[in-house]
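**Q** These are the residues of each chain, in order.
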Amino acid sequence: MNRRGLLCAAVIGLFALSHTASADVLAEVKKAAVLKVGTETQFAPFDYIDSGEHVGFNVDLFAAVGKEMGVQIQWVALPWAGVLPGLEAAKFDIVAGPAIITKERLERYTFSVPIAEGTVALNKRASDTAIKKPEDIAGKAVGGGRGSNQLAQLKTFAATLTPPATVREYVGADEGMADLAAGRIVAYSASLPNAAAAAKARPDMFGLVLPAFGSKAYFGYVGRKDEASASLMQAVNDAIDKLKKDGRMAALQQKWFGTTFDMPAMAAASAI
Amino acid sequence: MTWKLFFLLVQAAGSTALISLAAIAIGVCVGVVVCAGALARNRLLNGLSRLYISFFRGVPLLVQLMLFYYLLPALGVEVSSLSAALLALSLCTAAYQAENLRGGFLAVPRSLIEAADMVGMTAAQRFRRIEAPIAVRLMLPSMMNEAIAILHASALISVVGVIEVTRMAQNLSSSTFRPLPIYAAAGLLYLIMTGVLAGAGLLAERRLRVRLS
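Just so you know, the sequences run in chain order A and D. Under our numbering, think of the first position of the first sequence as 674, with each following residue one higher. Under our numbering, think of the first position of the second sequence as 933, with each following residue one higher.
There's no promise every hint is true.
[Claimed, not checked] Label pairs and their calculated CB-CB ranges:
| hint | chain 1 | residue 1 | chain 2 | residue 2 | range |
| --- | --- | --- | --- | --- | --- |
| 1 | A | Ala-696 | D | Leu-950 | 35 to 41 angstroms |
| 2 | D | Gly-1119 | A | Val-707 | 37 to 43 angstroms |
| 3 | A | Ser-800 | D | Arg-1138 | 53 to 59 angstroms |
| 4 | D | Asn-1077 | A | Val-707 | 42 to 48 angstroms |
| 5 | A | Ala-855 | D | Leu-1014 | 32 to 38 angstroms |
| 6 | D | Ala-1130 | A | Gly-725 | 26 to 32 angstroms |
| 7 | A | Glu-741 | D | Val-1009 | 33 to 39 angstroms |
[Said to hold, decoys possible] A few chain D positions that, by computed beta-carbon distances, are all more than 12 angstroms from chain A:
| hint | residue |
| --- | --- |
| 8 | Ile-958 |
| 9 | Leu-980 |
| 10 | Gln-1057 |
| 11 | Val-1068 |
Keep in mind the hints are simulated off the structure, nothing from the lab. None of these values were measured; they are calculated from a predicted model. Cβ coordinates follow ideal geometry from the N, Cα and C atoms, glycine included.
Construct the complete structure from the given sequences, taking the supplied hints into account.
**A** The structure is reproduced here in structure tokens:
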């Protein structure tokens, strides 16, 4: 996902200073019997508004996690620019972005165990027959979301081509996909599940370019990296591990992504 | 775009309209107080009003929203999304309205004030009969401008989690991957809302028009 708004980033600093940490987040969550989860609701198929209903992989998965932990899930929907500041200001205790687990992000946040694969794939216009494999973008203009892992991987990939592809940066996937539809770029890089969702939602307009390329990457949920949150993240991980073992995770992945993923057991092992 | 999606946009436009109207109303009330302070001879009141105006005009509304939503809880004051949004919008627009009001009062011709004094009006009479009626007529257009501007600026309140029409349009366009019809519909809804505001402004101007016999 993208990191929007430098302005907001500047404000984060303020919150980090002022944020009042509680002793143990898990104990408080259990006491209130409510787990507050922050999300963006603009990240199909993970989390989106379908005809007014908040649905997606995250919604189903957290419902199951909540059941395992014996708590209700309360969703807090914010634009992405407000999600990480909200996490740091403890407006909610975990973010169901999800976000690609990277070493750099692990320095600032705690990640849950991986919940889906997020290797980079390209969307193209359905009518564009010139692009059949990722390498066909050579010498053309392509796009990615600013601050996203997919953009970084696209840049690396674009530079290896002859002639190299020109990479444009967008605020978010909506803007990038709109420019793709408008013909200003020939492909937009997204994680495979997101790219597949776009092609499925509008087969008349968007196509999917396979195979995925770059290093294998995984999605995880984001938590605060303080001691008070450690027990909560552990409890969420335990619940997710249980879902992985009893097959419910595979069923959810099949439902929302149309496929299942092999995933590393730990966040640290999947970081790129 | 289906009717169902359009209905969702209309619903969200309802929140935009309600929150904006409340902010405009509160903003004018607070603006009157701040303007009074800015015009006062009392140094302290004057300084406070000017400080208020420079803060709320100087700090971007987006940052104000985040300050209210995130900083107040850190200081021990719980605020909901809606109250943070309403607070930031109202206080921000109040600063601009205060300046619009001040502009109106400063534009009242000096000669009329002197004439009022000459015929022996008290300060209160002079204010009620001369200054206020003239100033209100002078500042109406710019106050309506600000009202429309804050209606548009209310698109920012989604950053604290209030669903309004722009946010709903973003939600719908990112799940349907059809941004154009959805943003066009949202634009139309804004046009209708600002049209109503502008119409109300014109009506008020007509009611207040000075008839020269």
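**Q** All the hints need checking, so say for each whether the structure fits it.
**A** Status of each hint after checking the structure:
1. Range check, Ala-696 of chain A to Leu-950 of chain D: about 40 angstroms between beta-carbon atoms, so the 35 to 41 angstroms window is met.
2. In this structure the hint that Gly-1119 of chain D and Val-707 of chain A lie 37 to 43 angstroms apart at CB holds, the actual value being about 38 angstroms.
3. Taking 53 to 59 angstroms as the suggested C-beta distance range, the pair Ser-800 of chain A and Arg-1138 of chain D conforms, at roughly 54 angstroms.
4. Between Asn-1077 of chain D and Val-707 of chain A the Cβ separation comes to about 44 angstroms, which falls inside the hinted range of 42 to 48 angstroms.
5. Roughly 36 angstroms separates the CB atoms of Ala-855 of chain A and Leu-1014 of chain D, a value that falls within the hinted 32 to 38 angstroms.
6. At about 31 angstroms, the beta-carbon gap between Ala-1130 of chain D and Gly-725 of chain A stays in the expected band of 26 to 32 angstroms.
7. Taken as a hint, the range 33 to 39 angstroms holds for the pair Glu-741 of chain A and Val-1009 of chain D, whose Cβ atoms sit roughly 35 angstroms apart.
8. Once the 12 angstroms rule is applied to beta carbons, Ile-958 of chain D is consistent with being away from chain A; the minimum gap is 23 angstroms.
9. At roughly 24 angstroms, the least C-beta separation between Leu-980 of chain D and chain A is larger than 12 angstroms, which holds for a residue marked as non-interface.
10. For Gln-1057 of chain D, the non-interface assignment is confirmed: its Cβ lies about 49 angstroms from the closest Cβ of chain A, beyond the 12 angstroms cut-off.
11. Every CB of chain A is more than 12 angstroms from the CB of Val-1068 of chain D (nearest about 37 angstroms), matching its label as outside the interface.
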